[in-house]
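Participant: Listed here are the chains, written in short residue letters.
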Amino acid sequence: MTWGWPALAALFVGSYALKATGLVALANRHLPTRVEELLGLLPAALFGALIVVSTFGDGQSLVLDARAAGLAAAAFAVWRRAGFVVVVLAAAVATATVRAIG
Amino acid sequence: MATSGQPAPREVRRASVALGVAVGVFGISFGVVATGTGLSVPMACAMSLLVFTGATQFAVIGVLAAGGSALAAIGSGLLLGARHIAYGLSLNRRMPPSICKRLLAAQFLIDESTAMATAQDDPAHAESAFWWAGLSVFVCWNLGTLVGALFGDALGDPGALGLDAVFPAAFLALLAPLLRRPDGRAAAIAGAVIGLALVPFAPAGVPIVAAAAGVVAGLFFAGPDTPPPPPEELV
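So the sequence lines, in the order shown, correspond to chains R and P. Heads up: the first sequence is residues 240 to 341, going by the working numbering. Heads up: the second sequence is residues 34 to 268, going by the working numbering.
Treat the hints as calculated values from the structure; they're not laboratory data. Take these hints with a grain of salt, some might be off.
Claimed, not checked - Just so you have them, the derived chain P footprint on chain R, three or more residues with Cβ under 8 Å:
1. 248-255
2. 258-266
3. 288-302
4. 307-320
All figures in this text were calculated on a predicted structure; none of them were measured in a lab. Beta carbons: idealized from backbone N, C-alpha and C, even for Gly.
From just these sequences and the hints, can you work out the full model?
Facilitator: Now the structure itself:
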């Protein structure tokens, strides 16, 4: 099977189904408090992983490169309670600087 | 976001536009890479409009560029998209109950919109934050794809500007309110450890989904008599 419009249609249907499943599955359900607590913590666990994997991951290996400097700068800015734009700019500048030097 | 507990809508709008701009640059590089792999301009643009998930789209192009079949490309793309099930579940209380609205929102359910909605304390703000981030990124990602597909590799490498570091930084900033709570911090650290530990062994996408189990660590902090939930409930 080569890539074409049917393949794109399949990818679209699959991607949309993944996105809709979680949003629709629990709509209008009243859930036990414990389950609500669990769902409230889900973003912390997922984004905690996304942050470190997109900083230190390179395919199937873990690397320490200029992106780590960006995350360190961002962490410092968040700790200092800087606004969103300052946090992302600090990360971009730190990473670009380390890359330019290295 | 990080400045107070209850972010002003203006801060949300500004953050959404900033995220959109960064995503737009990656949309350009997606358009460049997609057409460079042999996809037509309409195909590249349709993929960004319909699939609208950067990680999935880059994975699909990567498999095709490496000579993989369409089936293999779809498989690894969907594996990367599996985390959206957990995103949808986590937004359950923050989105309107109407099924129709949720089916529409599903198209705009991405990392950025989920994180922006999560960062809001007020559920009313959460929904508008979701739409601001989702639509801003949607417009920029698709414009970027079109520009990149049409004009090719004239814009250089987003990495040189440090733009790849924008995304982890943005998610960290949006996660800050949760990180200031002991249970949120525990869940985030556990999720990060699970994610990193699985990177060398699991296919791309799996580490993030598996990190959902990190919520168990958070519940441990909520109370000493809280039993850990079965992992099947998490995803």
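Participant: Are three or more residues of the segment 307-320 of chain R within 8 Å, CB to CB, of chain P?
Facilitator: Coverage by chain P holds here, the residue count being 9 at a Cβ distance below 8 Å.
Participant: Counting residues of the segment 288-302 of chain R whose CB is closer than 8 Å to a CB in chain P, do you get three or more?
Facilitator: holds (count 13)
Participant: If you count the residues of the segment 248-255 of chain R with a beta-carbon closer than 8 Å to a beta-carbon of chain P, do you get 3 or more?
Facilitator: holds (count 6)
Participant: Are there at least three residues in the segment 258-266 of chain R whose beta carbon sits under 8 Å from a beta carbon of chain P?
Facilitator: holds (count 9)
When held up to the earlier numbered hints, the structure conflicts with none and fits them all.
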